[in-house]
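K.L.:
Single-letter residue listing:
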Amino acid sequence: MKHGPLIFLGLLITMGWSWFGLIFTPYRHTVAMTPDTNQITQAVYPFQRNGLARKGAEVYRANGCYACHTQQVRSEGQGNDQQRGWGTRHTVAKDFLYEDVAMTGSQRLGPDLANVGARIPDANWHLLHLYNPKIKVPKSNMAPYPYLFEKRKAGTEASNALQIPPAFAPKDGSVIVPTPEAVALVAYLLSLNASTPVFEAPPKTNAAPSINTNAPTATLTNAPAGASNAVPQ
Amino acid sequence: MTVYATPKPQPVSEILVNPPSAEQSDLSVRLPVLLFFTGAIGWFVLGNLVYLLSLIKLHAPAMMAGVPALTYGRLVPAQSAMLLYGFASQAAMGLILWMICRLGRTLLFGKTTLLLVGALWNLTVLIGVVAILGGNLTGLDRFDLPRSAASFILLAFFLYGICALITFHRRTERDLYPSMWWILAAIFFFVWVFAAGYILLQAEPVSGALQPIIATWFSNNIVALWLVPVGAAVVYYFLPKLSGKPLAGYSAAVFSFWAWVLFSSLTGFQYQAAVPRWLPALSAVAAVLSTVPALGMGLAWHQTYAPTKNSSFAGILRMVRFASLIFVIGVVLAALSGVPQTSRNVPQFAELLAYTLWPQGLAQGTFYGFFTLAAVAAMIGIVPTLFNSAPSSLSTGKAFPTMMIAGTLLLILPLLLGGIVQGNALANSSLPFVEATRKTLPFVGISMIGVLILIICGLMMLRDLYELTRNSCMECCGDWVGGGSR
Numbered sequence: 001m002k003h004g005p006l007i008f009l010g011l012l013i014t015m016g017w018s019w020f021g022l023i024f025t026p027y028r029h030t031v032a033m034t035p036d037t038n039q040i041t042q043a044v045y046p047f048q049r050n051g052l053a054r055k056g057a058e059v060y061r062a063n064g065c066y067a068c069h070t071q072q073v074r075s076e077g078q079g080n081d082q083q084r085g086w087g088t089r090h091t092v093a094k095d096f097l098y099e100d101v102a103m104t105g106s107q108r109l110g111p112d113l114a115n116v117g118a119r120i121p122d123a124n125w126h127l128l129h130l131y132n133p134k135i136k137v138p139k140s141n142m143a144p145y146p147y148l149f150e151k152r153k154a155g156t157e158a159s160n161a162l163q164i165p166p167a168f169a170p171k172d173g174s175v176i177v178p179t180p181e182a183v184a185l186v187a188y189l190l191s192l193n194a195s196t197p198v199f200e201a202p203p204k205t206n207a208a209p210s211i212n213t214n215a216p217t218a219t220l221t222n223a224p225a226g227a228s229n230a231v232p233q
Numbered sequence: 001m002t003v004y005a006t007p008k009p010q011p012v013s014e015i016l017v018n019p020p021s022a023e024q025s026d027l028s029v030r031l032p033v034l035l036f037f038t039g040a041i042g043w044f045v046l047g048n049l050v051y052l053l054s055l056i057k058l059h060a061p062a063m064m065a066g067v068p069a070l071t072y073g074r075l076v077p078a079q080s081a082m083l084l085y086g087f088a089s090q091a092a093m094g095l096i097l098w099m100i101c102r103l104g105r106t107l108l109f110g111k112t113t114l115l116l117v118g119a120l121w122n123l124t125v126l127i128g129v130v131a132i133l134g135g136n137l138t139g140l141d142r143f144d145l146p147r148s149a150a151s152f153i154l155l156a157f158f159l160y161g162i163c164a165l166i167t168f169h170r171r172t173e174r175d176l177y178p179s180m181w182w183i184l185a186a187i188f189f190f191v192w193v194f195a196a197g198y199i200l201l202q203a204e205p206v207s208g209a210l211q212p213i214i215a216t217w218f219s220n221n222i223v224a225l226w227l228v229p230v231g232a233a234v235v236y237y238f239l240p241k242l243s244g245k246p247l248a249g250y251s252a253a254v255f256s257f258w259a260w261v262l263f264s265s266l267t268g269f270q271y272q273a274a275v276p277r278w279l280p281a282l283s284a285v286a287a288v289l290s291t292v293p294a295l296g297m298g299l300a301w302h303q304t305y306a307p308t309k310n311s312s313f314a315g316i317l318r319m320v321r322f323a324s325l326i327f328v329i330g331v332v333l334a335a336l337s338g339v340p341q342t343s344r345n346v347p348q349f350a351e352l353l354a355y356t357l358w359p360q361g362l363a364q365g366t367f368y369g370f371f372t373l374a375a376v377a378a379m380i381g382i383v384p385t386l387f388n389s390a391p392s393s394l395s396t397g398k399a400f401p402t403m404m405i406a407g408t409l410l411l412i413l414p415l416l417l418g419g420i421v422q423g424n425a426l427a428n429s430s431l432p433f434v435e436a437t438r439k440t441l442p443f444v445g446i447s448m449i450g451v452l453i454l455i456i457c458g459l460m461m462l463r464d465l466y467e468l469t470r471n472s473c474m475e476c477c478g479d480w481v482g483g484g485s486r
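Each protein sequence line maps, in turn, to chains A and B.
In terms of this note's numbering, the first sequence opens at residue 1 and continues consecutively.
In terms of this note's numbering, the second sequence opens at residue 1 and continues consecutively.
These aren't lab readings, by the way, just hints derived from the structure by calculation.
Using N, Cα and C, we set each Cβ at its ideal position, and we do this for glycine too.
Mixed in with the good hints there might be a few duds.
To list a few chain B residues with every Cβ distance to chain A over 12 Å, as calculated [as the list claims (entries may be wrong)]:
id, residue
1, 42
2, 64
3, 158
4, 276
5, 291
Only some residues are given here: those of chain B computed to face chain A with a beta carbon under 8 Å [stated by the list, open to error]:
id, residue
6, 77
7, 139
8, 195
9, 258
10, 273
11, 354
12, 386
Please build the complete structure, drawing on both the sequences and the hints.
P.N.:
Next comes the structure, spelled out in structure tokens:
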């Protein structure tokens with residue numbers, strides 16, 4: 001091999017092959033991706049987050065929460081994510097359709113958060129946990145985020161002051177109030193809920209119907225009788 | 001005095017008639033390469049300091065918790081950007097220029113432009129790191145530079161690439177040694193991979209559904225097709241040269257080159273869940289196929305190796321040989337651990353090790369174990385030649401190479417072992433999640449010692465560079481500098 005241009009041409013082809021396979025082909029698939037509409041409830045999934053939750057996503061991003069927390073639940077048979085209660089179905093690309101930035105993460109020093117809004121729907125729990133994780137999880141290794149909270153003088157009236165257990169409350173009696181960033185971050189965490197069944201990750205065949213009806217399960221779908229794209233058990 | 005006079009730019013026709021000597025080549029690249037190397041070593045120390053701080057924060061999460069800039073989530077992308085762009089990419093850029101001029105027997109083209117590129121590059125990394133610590137994070141793993149910094153990196157590399165390719169074109173040695181193929185590939189791939197990541201994730205961001213795919217493709221290929229090629233070029237250059245033997249297996253080198261760029265560019269998706277299923281499957285197959293070129297290169301390097309007769313370079317040879325060994329082991333481990341369940345008899349490594357410290361250990365294995373060891377070995381060999389000085393004490397003594405190798409192993413091995421322990425703990429559904437994380441802490445603690453040793457190595461390199469620069473300044477204009485004695 002002594003000709004630079006020939007090597008260059010070879011490199012162009014090899015790069016083109018990687019590009020075509022891993023970027024262009026998925027692009028073709030995702031560019032046509034549309035939200036699913038539930039035939040029965042007419043609910044659309046995925047949906048845009050509300051303004052406060054989108055602001056919270058920015059706080060999540062700015063503090064690098066994705067360095068420790070993933071937002072991707074694996075399917076049953078691939079690890080025990082679902083047994084740990086992190087989700088009822090595996091995560092699919094469509095879950096991130098409307099995300100400004102898909103913060104899937106790659107390391108689990110903290111638990112998966114793909115469905116944290118469904119798992120822990122209590123805003124107060126999250127605020128206390130952000131202020132000092134040990135209040136809620138005594139052996140937690142997560143960093144506290146005091147800068148997301150405002151410390152006000154003892155005796156200050158604040159309707160949104162945190163009710164901190166005495167062992168963790170400031171010794172000088174200061175009142176701890178969440179900043180707008182903390183409120184937004186919690187709104188984002190509560191909005192994390194990827195449990196709606198989608199075509200790529202259908203409900204399990206032995207799962208209870210998701211809506212309250214007397215009709216047999218088979219009539220809940222407009223697919224031919226007996227047809228199912230569910231994961232075989 | 002005449003030794004330090006930089007050769008005047010020659011017209012191409014004249015270079016072809018009178019190829020420059022190795023000394024003339026070295027002199028022509030001296031300033032830009034020194035700028036890149038100094039920046040690289042500086043960022044190596046800073047980046048590892050931030051890395052150390054991030055590991056300390058895993059043990060003491062409440063430490064300095066009130067300082068937003070020092071929160072773990074910001075330290076991780078900051079150290080990653082410092083090490084990838086500040087250290088590794090600058091070291092690679094310097095090594096490429098030096099090898100093109102040496103192997104191509106030519107003089108550097110565009111020295112002033114390259115000096116500007118070096119200055120712009122360092123300034124951009126600095127701005128990027130400050131922005132990251134200030135909270136301007138991308139949200140994407142290992143695509144860490146904020147948009148403004150990324151655009152300047154692309155611009156700077158574009159200018160760099162033009163100068164490097166013109167120098168390459170003006171070579172008088174028409175035959176291309178294997179190192180030159182890898183260098184050509186590295187320059188071309190950096191532009192493509194970085195531009196693709198920048199355009200699709202920052203300039204014109206694609207839908208969130210596609211972002212994890214682009215980000216994974218980027219983070220895999222910036223290592224597999226930018227750092228690995230430069231590392232391979234270094235091994236192909238230094239191993240035969242210092243062993244005093246010709247490279248074994250030329251045709252194996254050709255095969256390995258093409259097979260590596262073909263297969264390794266498809267890897268990296270093994271541990272992803274939020275992507276179409278065929279991507280991890282394809283990646284797992286590609287990772288297994290990548291072991292063929294890696295083993296081919298490893299075998300050729302092993303056959304080429306011979307203990308050096310010149311003890312001044314024994315340390316460099318040791319580090320280069322170790323780097324090549326870690327590279328092969330890393331590729332094989334990545335292939336083995338990425339294979340999803342293929343039959344009931346095969347353990348589910350991919351499921352067990354996903355999202356643990358293991359993938360991080362593998363990535364650090366390639367970054368520190370292969371690229372950094374090889375690049376540092378080459379740098380401590382090259383820097384004294386640029387000053388026309390005797391080999392540095394770093395390469396003649398045993399301490400520095402031993403510390404580099406020990407630091408690297410102490411950093412990587414605990415991450416891999418910790419990943420296995422963490423994976424097993426996570427697989428036990430009855431064990432609370434926090435226990436799995438707590439089990440990793442002793443391993444992270446040992447890694448901290450490794451990082452600390454690497455910081456000391458970086459400081460030793462900075463000191464060596466300072467001494468050489470000082471002596472050179474003294475020799476040239478001692479009275480003016482103020483020393484006068486030399």
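K.L.:
Next, verify each hint and record whether it holds.
P.N.:
Cross-check of the supplied hints:
The claim that residue 42 of chain B is not at the interface with chain A holds, since no C-beta of that chain comes within 12 Å of its own (minimum 24 Å). At roughly 9 Å from the closest C-beta of chain A, the C-beta of residue 64 of chain B falls inside 12 Å, breaking its exclusion from the interface. For residue 158 of chain B, the shortest C-beta to C-beta distance to chain A comes to about 16 Å, beyond the 12 Å cut-off, and the non-interface label holds. Look at residue 276 of chain B: its CB is around 6 Å from the nearest CB on chain A, not clear of 12 Å, so calling it non-interface is violated.
No Cβ of chain A approaches the Cβ of residue 291 of chain B within 12 Å, the least distance being about 18 Å, so the stated non-interface status holds. Interface restraint check: residue 77 of chain B against chain A, minimum CB-CB distance 6 Å, threshold 8 Å, status holds. Checking residue 139 of chain B against chain A: minimum C-beta separation of about 4 Å stays under 8 Å; hint holds. Annotation: interface hint on residue 195 of chain B violated; nearest CB of chain A at approximately 11 Å, more than 8 Å.
For residue 258 of chain B, the interface hint holds, since its Cβ comes within 8 Å of a Cβ in chain A; the closest pair sits about 7 Å apart. Because the beta carbon of residue 273 of chain B sits about 4 Å from the nearest beta carbon in chain A, less than 8 Å, this interface hint is met. Because the smallest distance between the Cβ of residue 354 of chain B and any Cβ of chain A comes to about 7 Å, under 8 Å, the interface hint for this residue holds. With a least beta-carbon distance of about 26 Å to chain A, the hint placing residue 386 of chain B at the interface is violated under the 8 Å criterion.
Hints 2, 4, 8 and 12 from the earlier list are contradicted by this structure; the remaining hints agree with it.
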